[in-house]
Amino acid sequence: MVELLINGIKTQAVAGTTVLEAAREMGIIIPTLCYHEGLSHYGACRICIVEVVKGNRSSLEASCTLPVEEGQVILTDSERVKKRRKVIMELLLSSCPNSKTLQDMAANMGVNEVRFKIKNRDCILCGLCVRYCKEQMQAGVIGFVGRGTSRRVSTAFEAKPEECRNCGGCEWICPVCERACTADNLVNGLCGGCQNLVPVETCPICVHCSESVGISGQKVYW
Amino acid sequence: MIGTHEKVATIIERYAGNNDSLIPILQDVQSEYHYLPEDAIREVAHQRNLPLIQVYGVATFFKSFSLKPRGRHIINVCMGTACHVRNAQGVLKEVERKLGIGVGETTRDMEYTLETVNCLGACALGPIVVADETYHSQMTPGKVKKVLNQ
Amino acid sequence: MTVSTKMANVTELEELRARILVEHAANHLSLVTSTGTCGLACGAGEVANALSKTVADLGLSDSVDIKTTGCHGFCAIEPVVVIYPERILYQHVTPEDVPEIISESVINKRIVERLLFRDPLTGETITHEQDIPFYQKQTKLVLDKNRLIDPTNIDDYLALDGYSALAKALFKSQPEQIIEEIKSSGLRGRGGAGFPTGRKWESVRNAYSYDGIRYVICNADEGDPGAYMDRSLLEGNPHSIIEGMIIGAYAIGAHDGYVYVRYEYPLAVNNLTIALEQAREYGLLGEDILGSGFNFDINISRGGGAFICGESTALMASLEGKIGEPRAKHIHTSESGLHGRPSDLNNVETWANVPLIINRGADWYSRIGTKGSKGTKIFSLVGKINNTGLVEVPMGISLKEIIYDIGGGIPNGKKFKAVQTGGPSGGCIPESMIDLPVDFDRLVEAGSIMGSGGMIVMDKDTCMVDVARYFVNFLTEESCGKCVPCREGLDRMLDILTDITEGRGKEGDIELMEELGETIKDTALCALGTSAPNPVLSTIRYFRDEYEAHIREKRCPAGVCKSLITFTIDAAKCTGCMVCARECPQGAITGKKKQPHVIDQTKCIKCGLCRDNCKFDAVIVS
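Residue numbers (the numbering used here), protein chains in the order written: chain A, 582 to 803; chain B, 2 to 151; chain C, 1127 to 1748.
No wet-lab data here; the hints were simulated from the structure. Everything numeric in this text was worked out from a predicted model, so none of it was measured. One should not assume that every hint holds.
Taking lysine-lysine and the DSBU-like style, the derived pairs with C-alpha atoms no more than 35 Å apart in a straight line are [as the list claims (entries may be wrong)]:
no., chain 1, residue 1, chain 2, residue 2
1, B, 99, C, 1294
2, B, 146, C, 1741
3, A, 698, C, 1448
4, C, 1448, A, 700
5, C, 1497, C, 1647
6, C, 1455, A, 664
7, C, 1235, A, 667
8, A, 741, B, 69
9, B, 99, C, 1647
10, C, 1193, B, 144
11, B, 94, C, 1541
12, A, 698, B, 69
13, B, 69, C, 1719
14, C, 1497, B, 64
15, C, 1448, B, 69
16, B, 99, C, 1719
17, A, 698, C, 1688
18, C, 1680, A, 698
19, C, 1455, A, 591
20, C, 1193, B, 94
21, C, 1455, B, 146
22, B, 146, C, 1541
23, B, 94, C, 1455
24, A, 700, C, 1718
25, C, 1718, B, 64
26, C, 1720, B, 94
27, B, 99, C, 1718
28, C, 1540, A, 664
29, C, 1632, A, 681
30, B, 94, A, 698
31, A, 664, C, 1647
32, C, 1540, B, 94
33, B, 144, A, 698
34, C, 1540, B, 146
35, B, 94, C, 1699
36, A, 741, B, 8
37, C, 1632, B, 146
38, A, 700, C, 1632
39, C, 1647, A, 698
The following block holds chain A by itself, in its conformation from the complex (with noise of 0.2 Å):
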């Protein structure tokens, strides 16, 4: 066991594990998206970033793939972490406006413009159905094909392969397919769709429902 401190709130958690569990384990919720209990870590879509401090200096570190270590001080929620998540939040619907995954962490978060060109890619490279096709299912016949912004999901040669059982977990992993948001008009890359409904203001209990809802007591748009 290791003792570090998040939030100023001292915790212990097991050697080996992450940032993100030891946090998720004292009910702090960090957004994330690429990432799943599940499946391997792969550090890709740097939302659930978190600040390391040590000593006058610190860093932002994917707290998903970060190894709790002793001593270490972790801030999830600092200015620096939701600034710069925000400006993520914002690359990430320009990319993919219609994910209603998206659009309520964007809306949780506060983010209320999208300043960048939008793509419309379909897909945020999470690599979430990569993973369950690979480490769930024993397939293995998804993969990440091209590089840089070509870069896509996709089998080999686009054909698919005699080892696809038609489990449909890669489309029930995604974050963007299974919720899609069905909004008529994105006004600056947001659906507003869902920030007009009334707020549930509290949850009366965390029960980890879904990684894009906030904890106890925080404002929380369905």
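Please build the complex by placing chains B and C on the supplied structure of chain A, with the hints as guidance.
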């Protein structure tokens, strides 16, 4: 005619006992065919017992691989920094205009394929155009015609 | 080669060296042609062939040695022929010059004046290589042997004390002592980040490996556009790298080595392959090296063409046959690298420094350079500079000395504007900071980095916004695409920069780029991403006014950005030679013979052909 299976097998033979050699194998396959044909990629995956998507992913990730057949002549324009500050983009535009194709494309008669490279490390001589392994240094848009005529 | 048997001990190595030295002393006169990639591109291959042929035809083969070496560093004057022992240097030699060189300089011992180097600043001719200011002001430690060695002949390397550092390491030191020596020399990685080499070796040596396997890897994936010192070393002196790697492997306790080299460097791969074979043949590589009981061998792995593979975890992934995608480095590669084993990765130039340090001692080495940066560094001086080439200088030398004293200043007397260091991850340093001493730490303070040592000199005709856009475009293509800030962030940054260079910039763009840049810097997964905004942030820091001119006045002060410039013909200078009208692909230029011509702006595509072809400088860009 030797089939793809045998050709790929001969190449893979060279790397027997070395598990780290997917990229060198694909490079050898590419120099055999001038590009990476689908059945050759499938053969590599099959014979090396690798997931097809891994081989396909690698083949599409690295710049040296082409999944499309390439022309008889390869025109490579260096887009390194030193070439850039000496108007490499002007040279590239002129090559594109003269050949009527964009970067990564091949002329319809399969004569020319136009590619760019990030730096050939011959920065003193920029801008550089490599036409079939012959280096042409200190290029200008005006010299493009001469190089292509050769 | 004299002996082709394996050497079983150090005595045999020294005996062989003595024999080679006697043999080399026999031929006093030798003509050396520099045949690196740059030299060959300029026709040095033909020159060397002509020299061999002429010497043979005249029956001089016994008294005159014809030798080809790697790059000498002074690329601007290639092809170069140097006559030893006096070191008479002839520049821009063509095969047609060869008979004259042989008859005049070899037979009649006279100088061929017209082929001598001419100083671009003073205009005077210089006869001897060692008197040329470009060479005189350098401290060549690592690069020096390039001019003396035929890289395809191991004997040349042995003649210059080659592999003596290896013998010293294997038989006179314990691995821990070697690590101590490297640590106290202060050597820092030459690949970019400048991590202390000795400390890296130590952590790999001490890291736990369940089966005892450890790897040493040479990073020769020199991806920074504008940097080519690694290519020059691989082509010109491959044994210095091999020797460094064997010493490193011995210190670390590794038996397998890899050189990961770019596929774009065919000559480097070729020369390195030959060097490895010769080292094996001599018993310097493989089983029981020089009878020491130590085993080590090196594999060459050609890269697939991806800038990201210069990053350690991506390089190792690619060696394993996967896509070159970095992973989070909370577990260092020194603990879990290639195949999950402790792995040491050093850059080409770093490895080449190792034999020097072992031979001459850490004390000697640490006296060169500054407090935090020891030794020399090779820079590639390219762009708008007179003496383009590779220069090796002690750390701490000022930019001014590099650019003016060694580089010979800016061509055509134009005004120096900035120098870009560190490749795509670096930044631009403005003219006002020309006295900056160049070392790892001072460059970081100035908003740039050392990187692998590219120095791209820019004059007043270089548009800084265009340069920033160039680098962001480069990085957008080279980003592996794994993490959001790098993949999407750079792409949006490119959108904004493209808008600015094409006249669609708007107020707030600069601030948005600053915010986005800081976000990418803070949150990207690997070093490619976290340093990617440097070119943009540093140009905004020093050249904000240029950005503002593009955005507010829709004007490109340097006359580069196509959408913001127009080509016109100066009627006073135009002679009506009609060349431009003939060359114009759009038929946009009209005019009668011997009458001033006019460009139709509606047809002009701004390709610049007219300006290139005008012999009277009559085409004006505004």
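Do the hints match the structure? See the list:
Pair hint residue 99 of chain B plus residue 1294 of chain C does not hold up; C-alpha atoms about 60 Å apart against a cutoff of 35 Å. Distance hint between residue 146 of chain B and residue 1741 of chain C is fulfilled; the C-alpha atoms sit about 18 Å from each other, no more than 35 Å. Distance hint between residue 698 of chain A and residue 1448 of chain C is fulfilled; the C-alpha atoms sit about 32 Å from each other, no more than 35 Å. With a CA separation close to 29 Å, the supplied pair residue 1448 of chain C and residue 700 of chain A stays within the 35 Å bound.
Between residue 1497 of chain C and residue 1647 of chain C, the direct Cα distance comes to roughly 28 Å. Compliance with the 35 Å bound is thereby established for this hinted pair. Under the criterion of a C-alpha separation no larger than 35 Å, the hint pairing residue 1455 of chain C with residue 664 of chain A is consistent with the structure, at around 24 Å. As the CA atoms of residue 1235 of chain C and residue 667 of chain A are separated by approximately 75 Å, the hinted pair breaks the 35 Å bound. A threshold of 35 Å between alpha carbons decides the hint, and for residue 741 of chain A with residue 69 of chain B the separation of about 21 Å falls inside it, so the pair holds.
Taking the CA atoms of residue 99 of chain B and residue 1647 of chain C, the gap is about 41 Å. The hint is violated against a cut of 35 Å. A hinted pair counts as satisfied when its Cα atoms are at most 35 Å apart, and residue 1193 of chain C with residue 144 of chain B qualifies at roughly 33 Å. For the given pair, residue 94 of chain B sits about 28 Å from residue 1541 of chain C by alpha-carbon distance, which is consistent with the 35 Å threshold. With a C-alpha separation of about 31 Å, the suggested pair residue 698 of chain A and residue 69 of chain B falls inside the 35 Å cut-off, and the hint holds.
Under the criterion of a C-alpha separation no larger than 35 Å, the hint pairing residue 69 of chain B with residue 1719 of chain C is inconsistent with the structure, at around 49 Å. At roughly 41 Å between alpha-carbon atoms, residue 1497 of chain C and residue 64 of chain B are farther apart than 35 Å, so this suggested pair is violated. A threshold of 35 Å between alpha carbons decides the hint, and for residue 1448 of chain C with residue 69 of chain B the separation of about 21 Å falls inside it, so the pair holds. Between the alpha carbons of residue 99 of chain B and residue 1719 of chain C the distance comes to roughly 27 Å, so the proposed pair stays at or under 35 Å and holds.
Restraint check for residue 698 of chain A and residue 1688 of chain C: the C-alpha separation of about 23 Å stays at or below 35 Å, so the hint holds. Under the criterion of a C-alpha separation no larger than 35 Å, the hint pairing residue 1680 of chain C with residue 698 of chain A is consistent with the structure, at around 21 Å. With a CA separation close to 26 Å, the supplied pair residue 1455 of chain C and residue 591 of chain A stays within the 35 Å bound. The suggested pairing of residue 1193 of chain C with residue 94 of chain B is violated, with an alpha-carbon distance near 41 Å, which exceeds 35 Å.
Between residue 1455 of chain C and residue 146 of chain B the CA atoms are separated by roughly 49 Å; this puts the pair beyond 35 Å, and the hint is violated. Of the supplied pair hints, the one linking residue 146 of chain B and residue 1541 of chain C holds, its CA atoms being roughly 32 Å apart against a limit of 35 Å. Simply put, residue 94 of chain B and residue 1455 of chain C have alpha-carbon atoms about 41 Å apart, too far for the 35 Å limit, and the pair is violated. Distance hint between residue 700 of chain A and residue 1718 of chain C is unfulfilled; the C-alpha atoms sit about 50 Å from each other, more than 35 Å.
Proposed proximity of residue 1718 of chain C and residue 64 of chain B is contradicted: the alpha carbons are some 49 Å apart, above 35 Å. This hinted pair checks out: residue 1720 of chain C and residue 94 of chain B have alpha carbons roughly 30 Å apart, not beyond 35 Å. Note on residue 99 of chain B and residue 1718 of chain C: the hinted pairing holds, with a Cα-Cα distance of about 27 Å set against a maximum of 35 Å. Restraint check for residue 1540 of chain C and residue 664 of chain A: the C-alpha separation of about 44 Å exceeds 35 Å, so the hint is violated.
Our distance criterion of 35 Å between C-alpha atoms is met by residue 1632 of chain C and residue 681 of chain A, whose separation comes to about 31 Å. With a CA separation close to 26 Å, the supplied pair residue 94 of chain B and residue 698 of chain A stays within the 35 Å bound. Using a Cα cut-off of 35 Å, the hinted pair residue 664 of chain A and residue 1647 of chain C holds, with the two alpha carbons roughly 13 Å apart. Under the criterion of a C-alpha separation no larger than 35 Å, the hint pairing residue 1540 of chain C with residue 94 of chain B is consistent with the structure, at around 27 Å.
For the hint pairing residue 144 of chain B with residue 698 of chain A, the CA-to-CA distance comes to about 39 Å; that exceeds 35 Å, so the pair is violated. A distance of roughly 30 Å separates the Cα atoms of residue 1540 of chain C and residue 146 of chain B; the hinted pair therefore holds under the 35 Å criterion. Between residue 94 of chain B and residue 1699 of chain C, the direct Cα distance comes to roughly 28 Å. Compliance with the 35 Å bound is thereby established for this hinted pair. Straight-line distance between C-alpha atoms of residue 741 of chain A and residue 8 of chain B comes to about 26 Å, which keeps the hinted pair within the 35 Å bound.
For the proposed pair residue 1632 of chain C and residue 146 of chain B, the alpha carbon gap of about 39 Å is over 35 Å, so the pair is violated. Taken as a hint, the residue 700 of chain A and residue 1632 of chain C pair is honoured in the structure, with Cα atoms around 20 Å apart against an allowance of 35 Å. For a cut-off of 35 Å, the pair hint linking residue 1647 of chain C to residue 698 of chain A stands: about 20 Å separates their Cα positions.
Of the numbered hints listed earlier, those contradicted by the structure are 1, 7, 9, 13, 14, 20, 21, 23, 24, 25, 28, 33, 37.
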